[in-house]
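Residue numbers (our numbering), protein chains in the order written: chain V, 1 to 227; chain G, 1001 to 1831; chain C, 2001 to 2220.
Hints listed in this document are in silico derivations from the structure and should not be mistaken for laboratory results. Every value quoted in this text rests on a predicted model; they were computed, and no experiment measured them. One should not assume that every hint holds.
To be verified - Lysine-lysine pairs mimicking BS3-like chemistry, simulated, CA-CA at most 27 angstroms apart:
hint : chain 1 : residue 1 : chain 2 : residue 2
1    : C       : 2214      : C       : 2123
2    : G       : 1519      : C       : 2123
3    : C       : 2061      : G       : 1616
4    : C       : 2093      : C       : 2216
5    : G       : 1820      : V       : 8
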Amino acid sequence: MHNSIETKALTKNYRIGERSICVLDSVSLTVAPGEFVVVTGESGSGKSTLLTLLSGLDRPDAGRVFIENRDITDLDEDTLAPLRNTTFGFVFQSFHLVPSLNVLENVMFPAELRGDPQARPGAQALLTRVGLSDRLTSFPNQLSGGEKQRCAICRALINNPRIVFADEPTGNLDSVNGAAVLDLLLELHRERGTTLLMVTHSPEIAGRADRVVTLKDGRIVSDQTRV
Amino acid sequence: MSSLRFVIRQIAGARRQGAIFVMCVALSIVSLVSLGSFSRSVQASLLRDAQALHAGDLIVHAHAPIPASLQTRLDELTRQGRIATARYYDFYSVVRTVAGSRSLLCDLKIVEPGYPFYGRVLLASGRDFRQVLTPGSLVVEQSLLDRLQLRVGDRLSVGNATLTIKDVVLQEPDRPVNLFSLGPRVFVPAADLNSLGLIGFASRVEYITLAKVLHAGELNGLLAQLRAAVGESRIRIDSYQSADSRVKRFFDNLLFFLDLSGIFTLLLAGFGIQSTLFALLKQQEKTIAVMKAVGARSRYITGHFCALTLVLGLVGTLVGLAASLFLQEFLPALFHGLVPARVELTLSPWAIGEGMLIGLFVVLLFTALPLYRLKEVRPRAIFGKEESPGFSNRSTWVITALGATFFLSLVLLRIRELKTGVYFVLSMAGLILVAFLLSSLLLRFLKSRDPRNLALRQAIKGLFRPRSATRSIMVTLSAALAVIFTISLVERNLDASFIDSYPSDAPNLFLVDIQPDQKDAVAGLVGSGASFFPIIRGTVTAINDSPIDPEQERRSRGDNLGREFNLTYYEKLLQDEKISQGGSLFRADWNEPQVSILDIVVKMHQMKVGDRISFKIQGMPITARISSIRTRSGSGLTPFFYFVFPPALLSDAPQSLFCAVRVPKDRIPELQNRLVARYPNVSVINMEETVSVFGHLMARLSTIVRFFTSFSIAAGVLIIVSSIFATRYARIQEAVYFTILGARRRFVATVFAAESLVLGLASGSIALLIAQVGSWAICSKGLELDYHPYPGTSLGLLGATAVLVLVVGLGASLPVLRHKPAGFLREQSDE
Amino acid sequence: MKLKNLLAAVISLALGQLCFFLVEPAQAAPFEGTIVAAGDSLTAGYGVPERDAYPAQLERKLIQYGYHWKVVNAGISGETSSGLLSRVDWILKLKPDIVILETGANDGMRGVDPKVTGANIDKAVTRLQAKGVTVVLAGMRMFANLGPTFTKEFAANYTTVAKKHHLILIPFFLEGVAGVPALNQQDGIHPVASGYQIITNRVYPYVTKAIDLKRKKRIP
């Protein structure tokens, strides 16, 4: 049984002007398939950076990243593309929906990229599931925050990814919507057995995770699995 | 000043749009200053030339001695010290050698000492004209000495007097060398006028009084005064400015057209300025919102951005002035050959001042709207929750109306004709309206499309991003491109009609008035390959028995039936003509006289095959039936005949012969001399010279027009670049999203390429449609040319547009693909 | 009538000769004879409608005074004496009884040697007379500014030729018209309608003299 995600000595520095700031300092981490891991820490602790590195959205200055035993650290963008399309699903704090597409089209898009003929019915089913069946033709700028995030979740899941990365998914939502979105994410995670890696600074959300990894100043200071 | 530093930092942050803004301003300045300087240089030189061309400021011209009343007036003005006068007399006379053995018809000019007030009479000896032409002397043209076999110092019998030839004249200021004259020039001093005994009752003499106006500002006043004094009589009084000059009229027309193109450049540059400022301010939206959120007043913000605009405008102006200076180095080479050598092309301070003033107005005008809109930015823009202001704001209309008024006044100022100015502005408005309508239609069509290809679908969806200004971009692009395309198409048609259509094997020598019994000898001289056409002069007296009134005919603007025609006869069509109606040149089944007419004749008077035309041919009335109508494909520089008869009908008529032949260039002078010596009745017309001069002239003109209209093209390109850069952010965002969702680079590139291509082709197609209609209208109605749509050129223009938009669009968006997505996401979240 | 003309036309064409297709308005009675006014712009009537040129005015005056004679305007503007000489045969095709010959002015203005002009007029008159035409010669004078010798030789041509061939000579065609601004157009050379009226009146007695001569010759 391979690990879903594995990293070794991940290091990332940011250069601002003439100064160099070390955001991640030799972080090593493994995540098993189907695990729900929360990465938490204060602002500036490097948790979002860790997420981008693990998901291949950025390249580390040192260290390696393995996805399902495959070293993705030095892969070029085009080789990472199918991975992002079918293996990963992303949910962002700022939603990042394509503004020129409506709800249905946004969700269909990853499936269409793959050439899936069932893209439309599949997207419709998902959207109905999350309660957006009456907003199919609305555009992102016509939706509320909660609706946008629900749409983003559907988009993340349309291709049945094995790993879902969520960066502060409830960060821009009120408490009611945030709770609803979180429940949705967890429900779908349990149904499909996806690996869920979530970054958050909310202790409440951290409380519902199987495992909580805490970062401080670019290093893991605690890694607790709940019994 | 801290706010100045703030401004500069902001500009640095919005480098690209700022650069385009600067370039648009620079373009306006260069266009205004170059054109303005050129215009002023030409006019100054022409005026300077005009004085020399007329040898005086005021010219009084009569066919009889001027009436006493006018003479008294002139004397009075002379006494007052306001003018100086000099009279001269111009007429033909036959001069004889003293022995009387040889005589020659000459063009005499009897001049008073004041002549010429401007310009110089150049003598072969280099001496001063006034000092040489003393009483009893003559100054003659070299050809007189050659024809009469005389030398300087010999005596010549003129009228009743005998005078001594003192010098040879090389150039007169008021008679361009090539002017047609029946005989060589002979200058005689006025002191000898009476001794000649040639001027009297039955003489045909031109009496001219030149006046030099001694106080500069008095010219037009004195002109009006003197004209009032002579009233309706046959005396003509002109000033050097009012006297007709073909050169002046030509330049008036050229400058008029260039002025129009200059104004159009200004319009485009203005739009470029406006769109870059809009984009720049949009980029700064969050900053502005923050400023407002921390308590900055609208006035402060507007003031701040006005300062920004002024800084950019100033930089643009300086760049423009530097570019103008730089251009001046190359302009003389550009205009060489077209503009008289005496014209000095310099940067005129007036033009610089005028250019800067107009440039300032244009900047103010086109930045007014974006700056005015600043007050509508609300602090909540920080959070990205922004509504876009609609177009039907009152402020938009007010500012647009102000803009239109400004442009109308600018146009009228430059063009000075109310009707044309209004037409110009109306057609500009019409152009934008049509572009708007067509763009809306096309966009609606595109929106309904649902292509199967994902990339293409995404590309089309991309055109309709919320808050994207796709329609405005399309309208601006289409309008700008339409004008550029129109200019190109009209130029192509002009080229084809004049330059290209003169084939290289066409005859270059025309001989006129050959007598039939001279035909063989002349044919022998010019060699083989010569075509001889019989010429019989005749007039048209009636069409289908209804008489022609020559008076009324002559009143029509173009060619008309009231004049005498050169009739001819032949059996076979000329090489460059074909039959457009009638089947064959002449019909074997008709038993009456026939005539074949050229389609130009039908334009003068309605007629068709089968109608009858009555002619008066050398006093003989003949009625002929129209057997066919011919049409020409030539350039107008090859021989053609309006009326062609069958040989049997006119072969006996008194005729002269016209010969068209192609002769090697170097043989022409020698051939000309031999022909003239042996057959003095034959006139030789050297088409080689005419055509090559004409060809050069057209090429030069075309270059000049292209030079000044290239400014418009540059403005159009800037607009394209600015528009594409303005939408850059949205595309980059999409590119990153697609990448995150698993799209390969090729997919992303395809989407953007398709989007740019669609935009470019759509705008280009609209522009091409408008341009074809516009060019057709200009060519066939305005210039009366045959119009060709030139599909090749059209497609080329369309293709070039598509490529340009593609390159700029991809260039603006693709670089982001080189980086990892996280960078972009980080920047986004930071805000 | 039409059929006969048509036949004549066909035959003429077949013979490759010139075909006349004279368009004549129906006349009550045919003309007694044809007078051809041959000359340059002063005959053609440059700058005035053809009905105001002197041949048309002359025809009207003749008819008015009972001379039922046709006057054909065979003037060509700008023609020199050489040109006129070259079309004598063409003029003869009109079968003129009388020819008013007015030429030479253009020669003078171009400074052509008066000897050449004189020779041309002489030859033209000879050929016309050989065909039995009565010639009325219009005398011309040249502008004084061309020089005394030239103008003298120029004017002498007409008196010489007239004397040699016993022609009716109109001493100076433009007498009373030349040099009078009101009777001429802007160029000072070509008369206006009122100028041609004076010319017509001047020419009239000479033409009637020619007509009388012709009539006498006809009586066998």
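Failing hints, ascending? none
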